[in-house]
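From just these sequences and the hints, can you work out the full model?
Protein chains in written order, with this note's numbering: chain A, 7 to 361; chain B, 59 to 369.
Since the hints were derived computationally from the structure, they do not count as laboratory data.
Please note that a few of the clues may not be correct.
[Said to hold, decoys possible] Straight-line Cα separation of at most 20 Å, EDC-like style, residue types lysine to aspartate or glutamate; simulated pairs: (1) B:LYS278 <-> A:GLU152; (2) A:LYS353 <-> A:GLU338; (3) B:LYS361 <-> A:GLU161; (4) A:LYS115 <-> B:ASP260; (5) A:LYS17 <-> A:ASP82; (6) A:LYS205 <-> A:GLU152; (7) A:LYS39 <-> A:GLU8; (8) A:LYS115 <-> B:ASP357; (9) A:LYS70 <-> A:ASP230; (10) A:LYS39 <-> A:ASP82; (11) A:LYS39 <-> A:ASP230; (12) A:LYS353 <-> A:GLU318; (13) B:LYS278 <-> A:ASP212; (14) A:LYS131 <-> A:GLU161; (15) A:LYS89 <-> A:ASP105.
[Stated by the list, open to error] Here are some chain A residues the structure puts well away from chain B; computed CB gaps all over 12 Å: (16) GLU12; (17) GLY96; (18) PHE103; (19) PRO149; (20) SER163; (21) SER181; (22) LEU201; (23) GLU309; (24) GLU318; (25) LYS341; (26) LYS358.
Glycine included, C-beta positions come from ideal geometry on N, C-alpha and C.
Spelled out from the first residue to the last, the chains are:
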Amino acid sequence: MEKILEVKDLKVSFQVYGGEVQAVRGINFDLYKGETLAVVGESGSGKSVLNQTIMKLIPMPPGKITGGQILFHGQDIVKKTDKEMEKIRGKEISMIFQDPMTSLNPTMKVGHQIMEVLLKHQNMKSQQAKERAIELLRLVGIPMPEKRVNQYPHEFSGGMRQRAMIAIALAANPSLLIADEPTTALDVTIQAQILELMKDLQKKMDTSIIFITHDLGVVANVADRVAVMYAGQIVEIGTVDEIFYDPRHPYTWGLLASMPSLDSDHKSELAAIPGTPPDLTNPPKGDAFAARNQYAMAIDFEEEPPMFQISETHFAKTWLLHPDAPKVEPPEAVKRKMRKLSSTFDKPVLVKEGK
Amino acid sequence: MVKYISKRLLYMIVSLLLIITATFFLMRIAPGNPFTSEKKLPPEIEASLNEHYGLDKPWYVQYGDYLGRIVQWDFGPSFKYESRTVNDLINDGFPVSLALGLEAILFAVAVGIVLGVIAALRHNKWQDYTAMIVAVFGISVPSFIMATFLQYLFAIKLGLFPVARWETFSHTVLPALALGATPMAFIARLTRSSMLEVLSNDYIKTAKAKGLSRGAMIMKHTIRNALLPVVSYMGPLAAGIITGSFIIEKIFGIPGLGSHFVLSISNRDYTVIMGVTVFYSILLLVSILLVDIAYGLIDPRIKLAGGKKGE
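This is the structure we're talking about:
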């Protein structure tokens, strides 16, 4: 499969009054053509910063890429100037934001906001661009696009605005679409529609998608692979099946256990991960998750865990996979769903030492 | 739209009536009358003057007469300037004040917006600080000091412009600068703060994510949305400035309308007080209406009530 994006040891930090916040602390992942990678993690885990960095949308300063590479079609985005980025943004990589209510300019016609992309990247004349905008609106399922193209965002409902955002994002046929919690601000029925639409369009256009969310239900619905982020690092990454049916990292266990399920009886309390994420101006020594981890061992407070490989596609960054670690049982809710996957290696292989 | 405007015109007439009534009675309550002076007039002469100007009639008759005349755009004769009517005073003074005022507004808007935009785009950099220092000066230096300073520097020291009088275009430059300095500073500060607010909006990020250049993003997505507060400030500002400023007109010797606002009151020149007040009120009400209409044009979310949707 063709690799379109390769992120290598990416580090991003923000200079703030209290010091330097290390929002992204050494991230590695690949993205293949036509696949959907979901990035999950709680608020403040660095998911949005990671993805805005891929488009270089973080404000610099105070933001700064302090290390690593982002190879997009083999070219390093980190080195690109603003002018060069203008040719990539919207054309090669585009983005859908969380809140469709505020992501469209209220004083500009929706059609015009779509046309901007076409005029900029496709060298279209304005008449041609308008026709294409109508076509795009039809493609994203907006009824009466000839009329809608001349309307303002406030005349659209929330779901329709998100459809319009998708039309803007896909206008120039980008090879990578970054969706930053595109369904969080929508109600459930609309969520399902938007997800269906995105899957549908992905099939038609063969776009790769990075899907940021903290809704694991959405993940199961759309993703091919999942990356779990915690405190600016990917702590576990694997296929959807691997993450849902054979998770290895205690943080992933915590996330899965705290997902309400239909078959849990009404007496059982909803599980939660205790504590709060660490302050990234001063990342803790050892494993950043150790303080909240009921399975934490002495070494977790001392040394950062290495990355272990569990299968061809499955990696987790926890000391629990070390040969000397004691055998622990994941929480009941997770264990119930666990199953043996055929692709799993006989034993975890250490691939990268922690620092 | 037509329905909306006719409704607004109706409201304007009601407000105008209230203003006229309030001014009329306040004026009568104030002690003294147009013929009060150091030298006491003989009672017979005062009585005949009163009779001549209709001041001997009961107040409700005077009030009724006055309303009747205003409807015909007749503000009556002046008490102080013999053989001149209030209409004459307005017709002579207003074109001068209007020309000066428009020039000042043009200066205030152009420079104010540019300063504000630069300050916002270079937020917390030296350009921002410079622009805001200029703005603070503009706001805190009173216009009579600004005027004399401009006269001293540009007219006397540098000899670039005439000191005073109202003749050619170059005579208008200094008074227009002096008159426009404060509004310019206000507009700069308003533009800056609303630009900063707009720049922090999500749709700016969307515009960036589309690959728009910084220039296109600012022109198309930022300035228009940031100008709304400036437009709402423009209404009262315009009415105030084009009716002239007493201070600026005195300092530069300009035969505008502004002095009548002040002098007519100390003269108890009843008809002039009424005339300029009504005239100013009409301008104010009209400019506020224009601002509201401009609002609807700039921001499509603001629907002018009364009109059918999408009209």
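Quiz prompt | Hints violated by the structure (listed by number, smallest first) | solution = 1, 2, 6, 9, 13, 14, 15, 17 and 18
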